[in-house]
Amino acid sequence: MTANLHADAAVPVRADLSAVHQRALDRLARPGTWLDGSRRLAIAAETRNSGRCSLCRRRKAALSPYAIDGHHDSLGGLSEQTVDVIHRVATDPGRLTKDWYQLVLEAGLDDSEYVETVAVVVTVVALDTFRLGLGLPPLALPTAEPGEPSRYRPAAAHVQGAWVPTQSKDQVSDEDAYIYHNRFGANIQQAMSLVPAEVDGFFDLVETQYLTGAEMRDFDNEFRAISHVQIELLAARVSAINQCVY
Amino acid sequence: MPAGRLLVAYAEAVVHGDAAAIGRTAQSIRQQLSDAALVDAAAVVATFNAIDRVADASGIPLEDEKAELTADLRADLGINDFPSQAGVA
Chain A
1354 MTANLHADAA VPVRADLSAV HQRALDRLAR PGTWLDGSRR LAIAAETRNS GRCSLCRRRK
1414 AALSPYAIDG HHDSLGGLSE QTVDVIHRVA TDPGRLTKDW YQLVLEAGLD DSEYVETVAV
1474 VVTVVALDTF RLGLGLPPLA LPTAEPGEPS RYRPAAAHVQ GAWVPTQSKD QVSDEDAYIY
1534 HNRFGANIQQ AMSLVPAEVD GFFDLVETQY LTGAEMRDFD NEFRAISHVQ IELLAARVSA
1594 INQCVY
Chain B
5 MPAGRLLVAY AEAVVHGDAA AIGRTAQSIR QQLSDAALVD AAAVVATFNA IDRVADASGI
65 PLEDEKAELT ADLRADLGIN DFPSQAGVA
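Chains as they are written, first to last, in the numbering used here: chain A, 1354 to 1599; chain B, 5 to 93.
In isolation and in its complexed conformation, chain B is listed as follows (with noise of 0.2 angstroms):
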């Protein structure tokens, strides 16, 4: 995948609000790939860090049939473990 780690690093960087970070990624960003690049995984990183505090606060359940479909991965990555899924926070 084009920039994958780059992206990632960005992605990181952004959720942790590390700016030296952003500012390092970001400008890699529009080096590898393009301007529009950026401002779309800037789109994107902040579409799911809100995305992901709807779910956490409202409780709601991961549809069966992804549930099902992504078992065997869930529990490969860790996912179960996180404390939201195990109940334990």
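So here's chain A without its partners, still in its complex pose (with noise of 0.2 angstroms):
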């Protein structure tokens, strides 16, 4: 049985809630595909300290994020280009252009360690904000478990539409046909399928904390304390706020 890990919250947190919350910390702290254990924690941590710096804000204040040089306030050992991303991804996400991803890639980060540190990003954005709204601190990170990423490059990954390579439901090969799993293939399905294991974990997130795809589009049942039109009109009121087109 998994611990509570949001026993200080004032009201009752479904168990659904804290244990695919241990999971998502579990990974966090695991060797992944391009990135090991200490380095994912230590993007998941920068990304944590996003917030504090001086360069993100005057930016995000600037008509373009763009117009803006500087160096970014970080805590060390990340490379001045991955703290960049890891910044921009938080702070800024909607004003992520592909001309900007280019740069990245130009500058020597792997498209797939891109899509990899996007994922934890990603990742400490749904625990921390779920948090938030609790009015709860973010939960401790916890310690990196030793071993090698696995280096897995899907050979059926290309890129077709989004900046980064992605493999649809149709061309996904036998192996990484799990990630696609009773989900549809929305396209932000593949958003990720650079980095199959990252599809997987942050969907187990997302089908916990909103719902299923089949639970989406049962209208004939509630599956939440909030129904369907009320969950949509959170979630479209939140990708209003981040500028998010999708």
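No lab work stands behind these hints: they were computed from the structure. Treat the hints loosely; a few may be bogus.
The calculated label-pair distances, taken between Cβ atoms and stated as ranges, are [what the hints assert, rightly or not]:
no.	chain 1	residue 1	chain 2	residue 2	range
1	A	A1567	B	R28	32 to 40 angstroms
2	A	A1530	B	E67	28 to 36 angstroms
3	A	G1430	B	E72	44 to 52 angstroms
4	A	E1568	B	L73	17 to 25 angstroms
5	A	D1571	B	A71	18 to 26 angstroms
6	B	L73	A	N1357	36 to 44 angstroms
7	B	A75	A	V1582	19 to 27 angstroms
8	B	A23	A	G1514	35 to 43 angstroms
9	B	Q31	A	R1506	21 to 29 angstroms
Where is the CB? At the ideal position from N, CA and C, for every residue including glycine.
Need the complex rebuilt from these two chains, each delivered in its own frame; the hints are there to steer you.
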């Protein structure tokens, strides 16, 4: 039985939420596909640190974030390029551009490593936003587990609409088919498919915090304490604030 | 919709990190809806605060059929003017 991670909340938190958040923390600490556990946790810590970065604050206030040069206030231990990815994705995602992404690659960050870095950032954002919504501080990050990343790159992944290479549900190899098991293969599920393990991990979180695809489309039944309509209202408002067009 | 304006205010408070507003709106959700509703609302806001970043950082496009179905709505709401859509960032 999983310990209640949110025992400090003023309200009872569903056990499945506590369990999925524990799984997410465990994933952060384990060797990933391209990054070891120490590096994944360094990215997680840097994600949290991005809110204290003066460069990010100036960029956020600027008409264009690309007009403001400078150095990020970082914790150290990661390259300036990686820190830039982490901070921009965490603090100003609505103004990321394909040109910027191309510059990231030209600066030496591998596309697979970029995707895994984004996956770690969004996992931390999901965990910390949930806690914030209950008026709680972020959960402590775990200790890194030893081991080497698998360095697995799916042969089927290629650029086909997104900036990053992806593999759609009808292209995915048998080895990676698990990422679309019980999933419709929506574009957002394809987005991180260059690193299949991150799709499965992130959507484990999504389907527990939000709804599974089948639940989302089942309007005859409600699965949460708020209705489908209330859920989608929240989703739409958050996405509008973030200026996300997806 | 029950508590629609309240849920919107809660989402705005959380995304903007406004602790005082989170406290006020969270308490109102508990009173008007339930404790469980607050937990589920927090979980949904957390999910989309993360999913938006997946979409924006990957450049994944909206599915063609969804874009066609929502074309008028997106134009009316000004979504096409968002920097990531217009490519003007």
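Hints versus structure:
1. A:A1567 <-> B:R28: 32 to 40 angstroms: holds, 35 angstroms
2. A:A1530 <-> B:E67: 28 to 36 angstroms: The hint (28 to 36 angstroms, Cβ to Cβ) is violated, given that A1530 (chain A) and E67 (chain B) are roughly 20 angstroms apart.
3. A:G1430 <-> B:E72: 44 to 52 angstroms: Check passed, 46 angstroms falls within 44 to 52 angstroms.
4. A:E1568 <-> B:L73: 17 to 25 angstroms: With Cβ atoms ~21 angstroms apart, the hint holds.
5. A:D1571 <-> B:A71: 18 to 26 angstroms: holds, 24 angstroms
6. B:L73 <-> A:N1357: 36 to 44 angstroms: Given about 41 angstroms between the Cβ atoms, the range holds.
7. B:A75 <-> A:V1582: 19 to 27 angstroms: holds, 22 angstroms
8. B:A23 <-> A:G1514: 35 to 43 angstroms: holds, 39 angstroms
9. B:Q31 <-> A:R1506: 21 to 29 angstroms: violated, 49 angstroms
In this structure, the earlier hints numbered 2 and 9 are contradicted, and the remaining ones agree with it.
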